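Peer 1: We have chain A; now place chain B with the ligand onto it with these hints.
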Amino acid sequence: MKEFRDRKVIAGLLRTIGRQASQAGPPVRLMEVCGTHTMAIHRYGLHALLHEAGVEMTSGPGCPVCITPDAHHRAAIGLVTRRENLILATFGDITRVPTRDGSLQTAIPAPRSRVRVVYSAQDALETARENPDRDVVFFGAGFETTIPSIALAVKQAAEEAVENFSLLSALWLIPPPLRALLESEEVRIQGFLYPGHVSAVIGCRPYEFVAEEFGLPGAVAGFEPADILLAASAVLNQMIRRSPAVENTYKRVVRTDGNPRALILMDEVLETTDAVWRGLGLIPRSGLKLRSRFSAFDALKKYGLNIAPAADELPGCRCGEVLRGVIKPTDCGLFGGACRPESPRGPCMVSPEGACLVYYRFAKS
Amino acid sequence: MCLGIPAKIISLDENGQGEVDYLGTRVRTNLSFIENARPGDWVILHAGFAISRLNEDEAQETLALLRELAESQDS
Ligand code: SF4
Chain A
1 MKEFRDRKVI AGLLRTIGRQ ASQAGPPVRL MEVCGTHTMA IHRYGLHALL HEAGVEMTSG
61 PGCPVCITPD AHHRAAIGLV TRRENLILAT FGDITRVPTR DGSLQTAIPA PRSRVRVVYS
121 AQDALETARE NPDRDVVFFG AGFETTIPSI ALAVKQAAEE AVENFSLLSA LWLIPPPLRA
181 LLESEEVRIQ GFLYPGHVSA VIGCRPYEFV AEEFGLPGAV AGFEPADILL AASAVLNQMI
241 RRSPAVENTY KRVVRTDGNP RALILMDEVL ETTDAVWRGL GLIPRSGLKL RSRFSAFDAL
301 KKYGLNIAPA ADELPGCRCG EVLRGVIKPT DCGLFGGACR PESPRGPCMV SPEGACLVYY
361 RFAKS
Chain B
1 MCLGIPAKII SLDENGQGEV DYLGTRVRTN LSFIENARPG DWVILHAGFA ISRLNEDEAQ
61 ETLALLRELA ESQDS
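Line by line, the protein sequences are chains A and B.
Heads up: the first sequence begins at 1 in my numbering, then just goes up one per residue.
Heads up: the second sequence begins at 1 in my numbering, then just goes up one per residue.
One chain only, chain A, in its complex shape:
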């Protein structure tokens, strides 16, 4: 697979892209929706190379930890600081997200309660099986890539009657915010690179509205340097021919209909709901919640939590605008000064997929 990083291949693709961009009218502005793409684009220096070729890449709302609103993080902090005998299980980066109530890492848990870092929903369920005398709440943030595994954990908990397990869900769907971004007309995007692994689950059809209703080209992209450039070239080609579509340039992994087993399971356990995103506000049918027959495993119901939308950012943090693609991380006055990886002021500087952290780590790109 080393051809995907081969210099000659990359150089050839960049020459093609350069020609296409000048034909389409530079600078061409594309959005990479997925945080893992943002990471790959900067790590391999593609951001600068594409800029030279006439293509500006803007990062989108594709970091689940980043777009999870402050209110969810504070609800998790509230649970572990106020309830005794509770284990709050979550992913490592989530524990470092700063809120006005501190972070899960700095929170002082109630007696016999603690925060536990897990790598998957299965780990959280295992924690519940091992600690039958405590409540285990899994605070899971994720997109369609992670959601099937979370749905499976809940289903297993129900089948085995693991009654001390529940889910504080921060589950987000990728297509609805794209519509929200396009309808707002706040960002001037001419095409999209769609996330490869979200698409491995949902397939290519959920993006079709972008081409059909908004006339914008797009391509499902993999994560190697050549994958990303191949997708960019496919988008440019659609622009030149004025035939917007959803092109799959990651066919070795993504099928048109996605992963049917994962989709069936998601639908069995979860249903769509209107949801509030950091930076993007309320987006219709953009989140998932547990179906009513799994309500015993819904932490919101179990603990009577009410997640009220509130001001999201700490003073000065512009994560919301970064997530909408309106500003670059370096446009934020706190970037690299008051806000650094060791002292983050917002989630975009915490998550490895957060645009601010990516720009900080790969400053030269």
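Don't take each hint at face value.
Estimated spans, in silico, between C-beta atoms of each pair [said to hold, decoys possible]:
(1) A:R293 - B:R67: 50 to 56 Å
(2) B:E61 - A:R285: 34 to 40 Å
(3) A:R82 - B:K8: 43 to 49 Å
(4) A:R291 - B:E14: 25 to 31 Å
(5) A:D257 - B:N15: 24 to 30 Å
(6) A:E130 - B:D57: 39 to 45 Å
(7) B:D57 - A:P315: 52 to 58 Å
(8) B:N15 - A:A48: 46 to 52 Å
(9) B:R38 - A:R82: 46 to 52 Å
(10) B:S11 - A:P315: 31 to 37 Å
(11) B:E61 - A:D257: 15 to 21 Å
(12) B:K8 - A:E185: 42 to 48 Å
(13) B:E14 - A:R129: 18 to 24 Å
(14) B:K8 - A:E271: 35 to 41 Å
Keep in mind the hints are simulated off the structure, nothing from the lab.
None of the values given here were measured: they were computed from a predicted structure.
No residue lacks a Cβ here, since even glycine has one placed at the ideal position from N, Cα and C.
Peer 2: Frame of chain A; chain B with the ligand shown alone:
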């Protein structure tokens, strides 16, 4: 992480639990989302789960396209 490096299935049981070889390391993985998974298949992992099987024909096709691009533009 989900950078898309494929892993090879070493073994799996009837519940969909298995082991894969990921960059030379044995990793426990849930394979229940992969239809007819078999040892020797290549899969893409995400958070302890295999989310997709690698289609080797498609991989070869993309590689051929890339090689063509590199050679045709050699100057
Ligand atoms: S640099 Fe820090 S403070 Fe500024 S937007 Fe990013 S996370 Fe927020």
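Peer 1: Please go over all the hints and tell whether each is borne out by the structure.
Peer 2: We went through each hint and held it up to the structure:
Judged by the Cβ atoms, the range 50 to 56 Å given for A:R293 and B:R67 holds: they are separated by roughly 52 Å. In this structure, B:E61 and A:R285 meet the distance hint of 34 to 40 Å, their C-beta atoms being roughly 36 Å apart. Evaluation of the 43 to 49 Å hint for A:R82 and B:K8 yields a pass: the beta carbon distance comes to about 46 Å. Against the hinted window of 25 to 31 Å, the Cβ-Cβ separation of A:R291 and B:E14 comes to about 27 Å, which satisfies the hint.
For the pair A:D257 and B:N15, the beta carbons lie near 25 Å from each other, so the given range of 24 to 30 Å is met. The hinted window of 39 to 45 Å between A:E130 and B:D57 holds, with their beta carbons roughly 44 Å apart. Between B:D57 and A:P315 the C-beta distance comes to about 54 Å, which sits within the given range of 52 to 58 Å. The beta-carbon spacing between B:N15 and A:A48, approximately 47 Å, falls within the hinted interval of 46 to 52 Å.
The given range of 46 to 52 Å is respected by B:R38 and A:R82, whose C-beta atoms sit roughly 49 Å from each other. The supplied range of 31 to 37 Å is broken by B:S11 and A:P315, whose beta-carbon atoms lie about 53 Å from each other. A C-beta distance of roughly 19 Å is found between B:E61 and A:D257, which places it inside the suggested range of 15 to 21 Å. Between B:K8 and A:E185 the C-beta distance comes to about 47 Å, which sits within the given range of 42 to 48 Å.
In this structure the supplied range 18 to 24 Å holds for B:E14 paired with A:R129, their Cβ-Cβ distance being about 20 Å. About 36 Å separates the C-beta atoms of B:K8 and A:E271, a value consistent with the hinted range of 35 to 41 Å.
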